[in-house]
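The task is to assemble the complex, starting from two chains supplied on their own in separate frames and drawing on the hints.
Sequence order for the protein chains is A and B. Start counting the first sequence at 1; every next residue gets the next number (our numbering). Start counting the second sequence at 1; every next residue gets the next number (our numbering).
I should point out that these hints are in silico values taken from the structure, not numbers from a laboratory. A portion of the hints provided could be inaccurate.
[Unchecked claim] As a list, the in silico BS3-like pairs of lysine-lysine whose alpha-carbon atoms are at most 27 Å apart: (1) LYS62/B - LYS77/A; (2) LYS123/B - LYS32/A; (3) LYS166/B - LYS247/A; (4) LYS174/A - LYS11/B; (5) LYS247/A - LYS256/B; (6) LYS123/B - LYS247/A.
Keep in mind that this is a model prediction, so the values were computed, not measured.
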Amino acid sequence: MGFTIAYLSLIILIPLAALFIKAAGLGWEEWKAILVSPRIIAATRLTFGLSAAAAGVSVVTGLLVTWVLVRYEFPGKRMLDAMVDLPFALPTAVAGITLTAIYGKEGWIGSHFAAAATWVKETWHPAGWIGEQINTWANFGAAYSSLGIFIALTFIGFPFVVRTLQPVMEDLGKEIEEAAATLGAGRWTVFRRVILPLLVPALITGFTLAFARAIGEYGSVIFISGNLPMKTEILPLLIVSQLEQFKYGAAAVIASGMLIISFVLLFIINLLQRRLDWQNR
Amino acid sequence: MANLQVTTESKPVRLILILAAIIVLGLFLLLPLFAVFAEALRRGWEVFLASLTEDAALSAIKLTLLAAAISVPLNTLFGVSAAWLVTKYRFKGRAFLISLIDLPFAISPVIAGLVWVMIFGAKGWLPPETLTNLLAPAANLAAWAASSDRFGGLFEGLAAWLANPKIIFATPGIIIATVFITFPFVARELIPLMESQGSDQEEAAVTLGAGGWRIFWRITLPNIKWGLLYGVLLCNARAMGEFGAVSVVSGHIRGKTNTLPLHIEVLYNEYQFSAAFACATLLAFLALFTLGMKSLVEQLSGHSAAGKH
Numbered sequence: 001m002g003f004t005i006a007y008l009s010l011i012i013l014i015p016l017a018a019l020f021i022k023a024a025g026l027g028w029e030e031w032k033a034i035l036v037s038p039r040i041i042a043a044t045r046l047t048f049g050l051s052a053a054a055a056g057v058s059v060v061t062g063l064l065v066t067w068v069l070v071r072y073e074f075p076g077k078r079m080l081d082a083m084v085d086l087p088f089a090l091p092t093a094v095a096g097i098t099l100t101a102i103y104g105k106e107g108w109i110g111s112h113f114a115a116a117a118t119w120v121k122e123t124w125h126p127a128g129w130i131g132e133q134i135n136t137w138a139n140f141g142a143a144y145s146s147l148g149i150f151i152a153l154t155f156i157g158f159p160f161v162v163r164t165l166q167p168v169m170e171d172l173g174k175e176i177e178e179a180a181a182t183l184g185a186g187r188w189t190v191f192r193r194v195i196l197p198l199l200v201p202a203l204i205t206g207f208t209l210a211f212a213r214a215i216g217e218y219g220s221v222i223f224i225s226g227n228l229p230m231k232t233e234i235l236p237l238l239i240v241s242q243l244e245q246f247k248y249g250a251a252a253v254i255a256s257g258m259l260i261i262s263f264v265l266l267f268i269i270n271l272l273q274r275r276l277d278w279q280n281r
Numbered sequence: 001m002a003n004l005q006v007t008t009e010s011k012p013v014r015l016i017l018i019l020a021a022i023i024v025l026g027l028f029l030l031l032p033l034f035a036v037f038a039e040a041l042r043r044g045w046e047v048f049l050a051s052l053t054e055d056a057a058l059s060a061i062k063l064t065l066l067a068a069a070i071s072v073p074l075n076t077l078f079g080v081s082a083a084w085l086v087t088k089y090r091f092k093g094r095a096f097l098i099s100l101i102d103l104p105f106a107i108s109p110v111i112a113g114l115v116w117v118m119i120f121g122a123k124g125w126l127p128p129e130t131l132t133n134l135l136a137p138a139a140n141l142a143a144w145a146a147s148s149d150r151f152g153g154l155f156e157g158l159a160a161w162l163a164n165p166k167i168i169f170a171t172p173g174i175i176i177a178t179v180f181i182t183f184p185f186v187a188r189e190l191i192p193l194m195e196s197q198g199s200d201q202e203e204a205a206v207t208l209g210a211g212g213w214r215i216f217w218r219i220t221l222p223n224i225k226w227g228l229l230y231g232v233l234l235c236n237a238r239a240m241g242e243f244g245a246v247s248v249v250s251g252h253i254r255g256k257t258n259t260l261p262l263h264i265e266v267l268y269n270e271y272q273f274s275a276a277f278a279c280a281t282l283l284a285f286l287a288l289f290t291l292g293m294k295s296l297v298e299q300l301s302g303h304s305a306a307g308k309h
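Chain B on its own, in the form it takes in the complex (with noise of 0.2 Å):
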């Protein structure tokens, strides 16, 4: 007991500590959790499902939906063979390779989203005229796929991208942009966890005579199975989330190419505070049920999953 009494604070000033940090915490982080809901309900039940239900927010739910079940599955298989190359083999650059991936988090969203629009826009590289010269053969190969009697249906809506092929201020830039900002989540995540355990397993495996694929499934993927799974509950909240990127290529058309929180963006600008709210609970669920995952995880594998972001 005498070791505790040298090494800790006298009780009033751990009491004191505490409650400023409580108090710091409940002010700045906590009261705005709280906010959200209240601001959305202060209208009543009724005004917050109708915001939810409008064909808008449908619409942009679906948007948002669609975005991250592209975006998530690609940089998952791209944060797994990235951490796999930069942690299980030695190479020149390699330093320089992981500081690449983790590009995307020192970059402005603003800037995620303008360097489609210098590609894609209408004064960049491929702007929409030039991109439906080069893709003129595949538009017609879609045509002529969309026109076959038996799964004519399943072609039209590519051949009809394709006739016309938008990006910028249309769903394929809200896509590419949120590729872009989730880019680095799986692999910030794994590549740690991955450098910690080392490869001795691996090697071990090779030994006995495993091929590379086996050895993935079967020793390198339960190893990493909760830090992958908290990586893609990252992504995927980003993904969701992001907003800046996603506000400078999609041109904020109604019902077409909002997302969820440029779907907020309206409709706080219109002043509709209510709805805009109602909206953003969605997304507040979204980062409570992020944070919970967070703590079982961790709870799980039994050691701080938590990486820096």
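Only chain A is shown next, with the shape it has when bound in the complex (with noise of 0.2 Å):
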């Protein structure tokens, strides 16, 4: 026990505190002057809000992933269920580069969509906001751009809602649909009307868990982001690129904020965990 402590402490407790100690040595006023810096409310809304895009894909996939390899036999299954680990096996440098090469416009997906931004492009000279994004993936294919972090935040993600939805579809009873289909329900309304709803816990379990990787994640995006101050940058290259100008405190405060909002984030998902234990059961 007192092993356990002593190196839970040194390893964990410690440092952190040493972060956030640093962050309250700057007063106030500094706090507030680095919050709503602008570059800083930008990074902000590009990781909360690409986050919450990705691992929302991540359900709807996931829910179809899962369903196929619980539900149906085919052949090759086995290997797909242990392929679905790969972004949590595979480094994250690895995956970054990786990525990057592929929706890149010379890679094999991204330069097919260079050429069909192209295409848009040139047929209905669209303008805005819509225009400005169209033009950068006839440019950069899927990569450079808020797209390109949302590939890689979905790769990172996805592996989360499945692992977390599987041993709760496993352990869904057939007789609540039999009974279902007895009362003349058909196959899409039994889905709607009571596998859905018993899958909904395990999906929000799911999409937190993925969010909240996301939050964090670095090596797989910076790559792939293109790292622009204000358009592509994520909040944890702000941390990097403060400290590299040795703004500590600056870096400190901002990591301080990530770290609160990680804090609720495990809070939620530790009840979210128990509530689906106890659905388990």
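This is how it looks when you write it as structure tokens:
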């Protein structure tokens, strides 16, 4: 017991305390100046917006993949099941350069995407925000834009949804579906009215896990994002750039803010998981 | 058969769903894996092998192995003792302790590196100068040991480091950042496993007169060995692949403080794409090995060893 607590304090608690104390050493005015600077607001909006979007897409594709893996038999199923964990096991730097290579303008997918964007641009000449996006896509493929960040974050978050959903779906009894069918419900109605409501807690947990991971993600994003301040700069990258300019205080303030959000998310995840365990029982 | 009819979908729907899932997994997960190898071999085997055997790559591999060799045993030891503590005993603050163990999972890797800069960095609590003064007695002792004729060689490295103790932008920083990041992996695998097993067998052993160590070696360890193995593998994969945290503390000194992932970044930013991907294949193989072992462990242990990460 002594060893566990001492080691935990030494490795986790004292370093985190050091960060908070450093941040607290700055006055209120400095905090406010750092937190409302336009660059931070832009990075925060980008990080949270894209993390939520990526987690949302992961929920939809994760539901599809889990459904197929749990309910159907087909050749190669075991291998596909094992592959779901690839984003966990593949180091983020490798994921980052590989996704950039695939979705960049020269890449296997990016080249087709850029061609499509060029076609749209030349046919319809879209203006405004959409026109700007299409222009970037035509020039760079899906990389070096917020779309690139979104792709990386979806890649990273996807397994969380599948692995949370899988045990719940496996334990789902067929009796209620039979009962619904005998009462005359069609298959789609059964899915929508009987199965889906039972999966909602697991879907929310998976979403939150993927979202929490995406907010802090660094390695897989920085290669594909282009890293332009105000446009494609995520919060963790902003911390690094503050540090490289020796602005320790600002780095500590941003990091403390992110840490507090992480703690809240961790707390929510714990609550959700306790509910899931209770449901699975 | 009538049962099957009402609780599954018609054949065309099934086929469409299976196909859609295969396309999602194939395009999204398998394609990147193929791309690593395709990009690495784009300029032929010679470039591939040369990029893996150049000095900077070899020193990066060495540093990566060193960081893993220190952090994995440390966190395995911690993981087993922490899991033992929270599953075999009941005490106040137990749920809080479990949450604390999970903490590094919830923290951005960049922050995991940043905390160490706040402590040992030039403007931190224990900047290098303070550390030099603090460690002066130990440095003198090590210098004395290094000057002895018989074992002097063993202490030379230690004495040199203690005389000028650098943590940030040096190897020790990379090691502690890796320890921080890989901290929860083993404990996280073991806690649910040991919780589900309960402590009936251990209690029986106590009544039969077995001591603490004997119970651990003869009963607990055999019960948890597959979960432990998987936890160690995950811990190792992360230790070798960690990027964000070590990136913050390393300073990217080529041939000195670059781990394999950092070396990949440097090569990539210098537009040496084939070399970067060649080094990436090593880490991709590590990932495949970890996934393969996971499937194997699941088969051997007969139940799902996969925890949530």
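inquiry  = Going through the numbered hints above, which ones does this structure break? Give me the numbers in ascending order.
reply    = Those not satisfied come down to hint 1.
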